[in-house]
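Enquirer: Sequence:
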Amino acid sequence: MSTRRVALFIETSREYGRGLLRGIIRYEREHGPWSIYFKPGGLSDPAPEWLASWSGDGIIARVTTSAMARAISRSKVAAIDLWTGIKGLQLPAVGVDNEALAEMAATHFQERGFHHFAYYGTPQGEHYYYDMRCEEYLRALRKRGFDDCAVYEHPSRARPPTWEQSRRHLAKWVLQLPKPVAIMTCHDDAGLMLLEACHDAKLSVPDEVAVLGVNNDEFLCNLSIPPLSSVDMGAENIGYEAAALLDRMMAGERAAKLWSLSPPKKVMTRQSTDIASVSDRHVAKAARLIREHACKGINVEELLEKVSTSRTALYRRFKEQLGRSPKQEFTRVRMEKAKELLEHSKLSIAQIAERTGYAESKYFIEVFAREAGVTPLKYRKQQMPQQTQGASR
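First residue of the sequence shown: 178, per my numbering; consecutive thereafter.
Simulated from the structure, these hints should not be mistaken for laboratory data. Be aware that one or more of the hints could be misleading.
[Unchecked claim] Below are the EDC-like pairs computed for lysine to aspartate or glutamate, each with C-alpha atoms no more than 16 Å apart in a straight line:
| id | residue 1 | residue 2 |
| --- | --- | --- |
| 1 | Lys504 | Glu469 |
| 2 | Lys504 | Glu548 |
| 3 | Lys253 | Asp234 |
| 4 | Lys443 | Asp274 |
| 5 | Lys516 | Glu543 |
| 6 | Lys442 | Glu192 |
| 7 | Lys253 | Asp377 |
| 8 | Lys264 | Glu303 |
| 9 | Lys442 | Glu520 |
| 10 | Lys349 | Asp377 |
| 11 | Lys473 | Glu537 |
| 12 | Lys320 | Asp377 |
Using the sequences and the hints, build the whole thing.
Expert: Set out below in structure tokens:
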């Protein structure tokens, strides 16, 4: 069989695009070889003039314009879209599951005790995939009993606003929101803009405003002050799934469905949401101490000494404010850290147990399996970029 020729039109200017490319290339190395056309560039780069008449075998693209969509259509080549931003585009697409993403964001905020919520995204109708993200977030909040969520309305202007105009209008909007408020943004760029607006409005982040982005572009997230928490969409897995689907299409198989959705990976918690939003000062202090010291071996008895209250009173207040006990909060914080170490380090299970406050690795494994539903080793394996799962699930 001759080597298949595949063109990739995916940006290298952002981490999400580079993650997609890593997944595609890993699939190609496992199941290729392919002859790949690729040129580094940005998201909005136009399609090359030769694309419409190209006689290759497959295309994976972030189709951001109608012109690119037409060129791909005219080529008559098997193609996958990874942008999902053009309504009515009849190309098989692979992308993140917005419903699962919204559930993850809502859970992240609810665990921190928030009761006021907002959403900051692109202008309504400009990008229907981001409109869907907003709708799913509102739906996830309603499922949890929160019917009121403020959605930012972009001002109507004859010409696009300047960066400063947008920032001033956004700062005015944030000032009017009830505090403390948890705000989800459509992507990390919007998260950075919102953090700058909070700074202009002299609002404390995360004490008064907690901000969550989407994409987990580490450069952008750490560029802001404070660093931006963000949902990691699992770009490498999406790229891998797209390559697997294209491979089947190039072999003559029809895509089982137009859209294939991949679940987001996790929320990467940074300072912009690292808070327990509670009015009770004893609970607030206890929650902060747990976040800071749970993995260092502090126990409930030591915690009670530091917050100067009784066990019964603290448990009752914790349950009222956060919906869980101090012991459950200890476990939640330790499990978050354990998952981070399992995903991003090569430490042994015994070392991870020690670094998350457990004296015995056996007990750590039991707790992890109970909370996560799988053993630590199985969780680590699951978080590795997918090797065999296709895109048609």
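Enquirer: Could you run down the list of hints and mark each one as holding or not?
Expert: Cross-check of the supplied hints:
| no. | hint | verdict |
| --- | --- | --- |
| 1 | Lys504 with Glu469 | holds (15 Å) |
| 2 | Lys504 with Glu548 | holds (13 Å) |
| 3 | Lys253 with Asp234 | holds (9 Å) |
| 4 | Lys443 with Asp274 | holds (12 Å) |
| 5 | Lys516 with Glu543 | holds (14 Å) |
| 6 | Lys442 with Glu192 | holds (15 Å) |
| 7 | Lys253 with Asp377 | violated (51 Å) |
| 8 | Lys264 with Glu303 | holds (10 Å) |
| 9 | Lys442 with Glu520 | holds (11 Å) |
| 10 | Lys349 with Asp377 | holds (9 Å) |
| 11 | Lys473 with Glu537 | holds (14 Å) |
| 12 | Lys320 with Asp377 | violated (34 Å) |
Violated hints, listed in ascending order, are 7 and 12; each of the other numbered hints is respected by the structure.
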